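Colleague: Chains A and B, in that order, give the protein sequences.
Numbering of the first sequence is given in this note's numbering, commencing with residue 1 and proceeding in unit increments.
Numbering of the second sequence is given in this note's numbering, commencing with residue 371 and proceeding in unit increments.
No lab work stands behind these hints: they were computed from the structure.
Please read these numbers as outputs of a predicted model, since none were measured by experiment.
Positions of the beta carbon are idealized from the N, C-alpha and C atoms, including for glycine.
Heads up, a few of these hints could be off.
Output of the computed footprint for chain B on chain A, the stretches with three or more beta carbons under 8 angstroms from beta carbons of chain B [claimed, not checked]:
hint	region
1	36–48
2	75–88
3	134–140
4	302–316
The primary structure of each chain is shown beneath.
Protein chains: 2
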Amino acid sequence: MAISFTVTNKLKNGRARLGLLHTPHGTVETPVFMPVGTQATVKTMTPEEVWNVGGRLILSNTYHLYLRPGQELVRESGGLHRFMNWSGPILTDSGGFQVFSLGPLRKVSEEGVTFRSHIDGSEHFFSPEKAMEIQMALGSDIAMAFDECAPYPCSYEYALEALDRTSRWAERCLAVHRLEEQGVFGIVQGGVFPDLRKKSASEIVSLNFSGYAIGGLSVGEPKELMYEMLDYTVPFLPEEKPRYLMGVGSPDCLVEGVLRGIDMFDCVLPTRLARNGTVFTRRGKLVVRNAGNARDLTPLDPECSCYVCRNYSRAYVRHLIKAGEVLGIRLTTIHNLYFILGLMKELREAVREGKIVEYRDKFMEKYHSG
Amino acid sequence: MAISFTVTNKLKNGRARLGLLHTPHGTVETPVFMPVGTQATVKTMTPEEVWNVGGRLILSNTYHLYLRPGQELVRESGGLHRFMNWSGPILTDSGGFQVFSLGPLRKVSEEGVTFRSHIDGSEHFFSPEKAMEIQMALGSDIAMAFDECAPYPCSYEYALEALDRTSRWAERCLAVHRLEEQGVFGIVQGGVFPDLRKKSASEIVSLNFSGYAIGGLSVGEPKELMYEMLDYTVPFLPEEKPRYLMGVGSPDCLVEGVLRGIDMFDCVLPTRLARNGTVFTRRGKLVVRNAGNARDLTPLDPECSCYVCRNYSRAYVRHLIKAGEVLGIRLTTIHNLYFILGLMKELREAVREGKIVEYRDKFMEKYHSG
Numbered sequence: 001m002a003i004s005f006t007v008t009n010k011l012k013n014g015r016a017r018l019g020l021l022h023t024p025h026g027t028v029e030t031p032v033f034m035p036v037g038t039q040a041t042v043k044t045m046t047p048e049e050v051w052n053v054g055g056r057l058i059l060s061n062t063y064h065l066y067l068r069p070g071q072e073l074v075r076e077s078g079g080l081h082r083f084m085n086w087s088g089p090i091l092t093d094s095g096g097f098q099v100f101s102l103g104p105l106r107k108v109s110e111e112g113v114t115f116r117s118h119i120d121g122s123e124h125f126f127s128p129e130k131a132m133e134i135q136m137a138l139g140s141d142i143a144m145a146f147d148e149c150a151p152y153p154c155s156y157e158y159a160l161e162a163l164d165r166t167s168r169w170a171e172r173c174l175a176v177h178r179l180e181e182q183g184v185f186g187i188v189q190g191g192v193f194p195d196l197r198k199k200s201a202s203e204i205v206s207l208n209f210s211g212y213a214i215g216g217l218s219v220g221e222p223k224e225l226m227y228e229m230l231d232y233t234v235p236f237l238p239e240e241k242p243r244y245l246m247g248v249g250s251p252d253c254l255v256e257g258v259l260r261g262i263d264m265f266d267c268v269l270p271t272r273l274a275r276n277g278t279v280f281t282r283r284g285k286l287v288v289r290n291a292g293n294a295r296d297l298t299p300l301d302p303e304c305s306c307y308v309c310r311n312y313s314r315a316y317v318r319h320l321i322k323a324g325e326v327l328g329i330r331l332t333t334i335h336n337l338y339f340i341l342g343l344m345k346e347l348r349e350a351v352r353e354g355k356i357v358e359y360r361d362k363f364m365e366k367y368h369s370g
Numbered sequence: 371m372a373i374s375f376t377v378t379n380k381l382k383n384g385r386a387r388l389g390l391l392h393t394p395h396g397t398v399e400t401p402v403f404m405p406v407g408t409q410a411t412v413k414t415m416t417p418e419e420v421w422n423v424g425g426r427l428i429l430s431n432t433y434h435l436y437l438r439p440g441q442e443l444v445r446e447s448g449g450l451h452r453f454m455n456w457s458g459p460i461l462t463d464s465g466g467f468q469v470f471s472l473g474p475l476r477k478v479s480e481e482g483v484t485f486r487s488h489i490d491g492s493e494h495f496f497s498p499e500k501a502m503e504i505q506m507a508l509g510s511d512i513a514m515a516f517d518e519c520a521p522y523p524c525s526y527e528y529a530l531e532a533l534d535r536t537s538r539w540a541e542r543c544l545a546v547h548r549l550e551e552q553g554v555f556g557i558v559q560g561g562v563f564p565d566l567r568k569k570s571a572s573e574i575v576s577l578n579f580s581g582y583a584i585g586g587l588s589v590g591e592p593k594e595l596m597y598e599m600l601d602y603t604v605p606f607l608p609e610e611k612p613r614y615l616m617g618v619g620s621p622d623c624l625v626e627g628v629l630r631g632i633d634m635f636d637c638v639l640p641t642r643l644a645r646n647g648t649v650f651t652r653r654g655k656l657v658v659r660n661a662g663n664a665r666d667l668t669p670l671d672p673e674c675s676c677y678v679c680r681n682y683s684r685a686y687v688r689h690l691i692k693a694g695e696v697l698g699i700r701l702t703t704i705h706n707l708y709f710i711l712g713l714m715k716e717l718r719e720a721v722r723e724g725k726i727v728e729y730r731d732k733f734m735e736k737y738h739s740g
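So here's chain A without its partners, still in its complex pose (with noise of 0.2 angstroms):
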């Protein structure tokens, strides 16, 4: 198989744990943060970059590159690695949740879903097959099945329905995968229904994936509810595969979710905070744009070591945002991932040190002081 999982350490109580997760393009530490490439890019930034503050495995969207610039260039151009200059590995979402997200521009059906691009308005169609088919032009060494996420609040009808046909589908995503080099995550979906995450959880793991997921979680419900539904989800998942939490990214989640036993998680936050000028700080999240920064010398987080810390002052950073200037987007974001990055870092040693909880208590009470 062209991935594996080794878990090296594994809390005697609780569930956190540290792995390696191994890929034709390298092996990653986990529990690990993905920042996200959506058009084969990590916005405003370089490869080099998105290496030197800290990130090892990336994720692209499969939705987004089907349709600009399409799988077909990016396979002549010798794959997604090879097209964007990252040499790490790539975990490529499946498209799913962008379908679904469409909304009134959609129509589901068995077979797949009938969309409309929200760059032209054109009509498309993506089923399990196609997914599956798209991201292996992509080449990614992690292609994701093609799923339902279920939106939040939904009935207990629907979310069902979804998390039968997410069933369903996923087995046809692995009927036709046939790229060795790549491994394929199943998701778990089910909603905010205990029974159901269950009946999904025992569903996907009875196929043979790489790695698991948990799907139609942070889609608006409560941290709180998030939490619970983890608490309930991860004991269903087997032990010796890689867990993936989808769509997390900020700061308190990271570490309640390593907390319950996720490996991987991935979120445009800390990249879409940026640019719209704010940046997180170890007393919580900073506004840099706000008038009451104009004049501060002092860098975006004093106890940041980042380039930007290092090197500039809030007042610089502000006067780049306000006056439009792409270098004030590129300063946020490398800041902004340079921090959830080595909060990262610094929840695999608390793991490795056996004291999560102690850790989770310290950042928590820091974070929401400021």
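Following the hints, complete the assembly by docking chain B onto the known chain A.
Modeller: Only chain B this time, still in chain A's reference frame:
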């Protein structure tokens, strides 16, 4: 004097020359092209990137920094170098070009210029004294005298009036300047009228500036006329002081300018073209965003060895630009500045070898063959 200049090579036939421009922030080889960092950032780039593509001396903008973030904040930050994290030399223009370009929004008197901000319409007043005060607060290595740049075309009478005012203002600039570690350059005006160029040059050169700029060219006149004006004006400038041709940055004009004895250039062209999706190549300009490049897997310029050409295809760069990704204009900017700064290096080499005319002919033939 803070700024000194040494001519190290002078062609026997022709005016082209090599020099060393000594500044408080280091020595720069001339002829030199200055990347433009209008708002205390060379658009899309970090200072390290500017350095890595060969930038050694950059230009920043008094008018823009006065309006936003204000020169006092820059002064409080420890000056422009510290504020923007650029440790090499900086030249600031005087704001004259900007306030006169505002057209109907400004009123000119002997005292100075009343103008409205392009940002919020607020009213402001620049005088020679004010322009120097702002540049002293910014702490650039080289400040420019406050001048009036007449448009093209313009009448003989107006050009005369503007150059006379420029001469009187030049004296006022020197009278109030009192920052020992900052050089001040005077600006020769006179439109496209040979006798006015001579008059302006003799008046400005009679004042003790650290260097002399030729302003009022590259403002819409035919290139041949600009070259003619250079041939006419340069002989009136002292051999031992640097000569700066303002606002020039297209490859052909740089070559012709060096040939005519110019030591310094600046222009937004390479960075602005880049943001519009156009790049320089040895065979002329290439509009990367054009559909013809959609599946082109070759580099922007097959003869270029910049970071971009070593790692990315035209197809990828075009994809980024079409998708509105910041990395797209970052890559075209890096390439274009590398191209222009590499051209300057070759021009210095050609002067050193006494082969500038041969270089010009060869370069032009190829550049216009694309």
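Colleague: Go check the region 302–316 of chain A versus chain B for me, would you? Three or more residues, Cβ under 8 angstroms, otherwise it fails.
Modeller: Result for this restraint: holds, n = 5.
Colleague: Does the region 75–88 of chain A contain three or more residues whose Cβ lies closer than 8 angstroms to a Cβ of chain B?
Modeller: holds (count 5)
Colleague: Closer than 8 angstroms Cβ to Cβ for three or more residues is the test here. Does the region 134–140 of chain A pass it with chain B?
Modeller: With 0 residues closer than 8 angstroms to chain B, the region 134–140 of chain A misses the three-residue bar; violated.
Colleague: Verify the coverage statement for the region 36–48 of chain A against chain B, using a C-beta to C-beta distance below 8 angstroms and requiring 3 or more qualifying residues.
Modeller: holds (count 7)
The structure fails to meet hint 3 from the earlier list, while all remaining hints are met.
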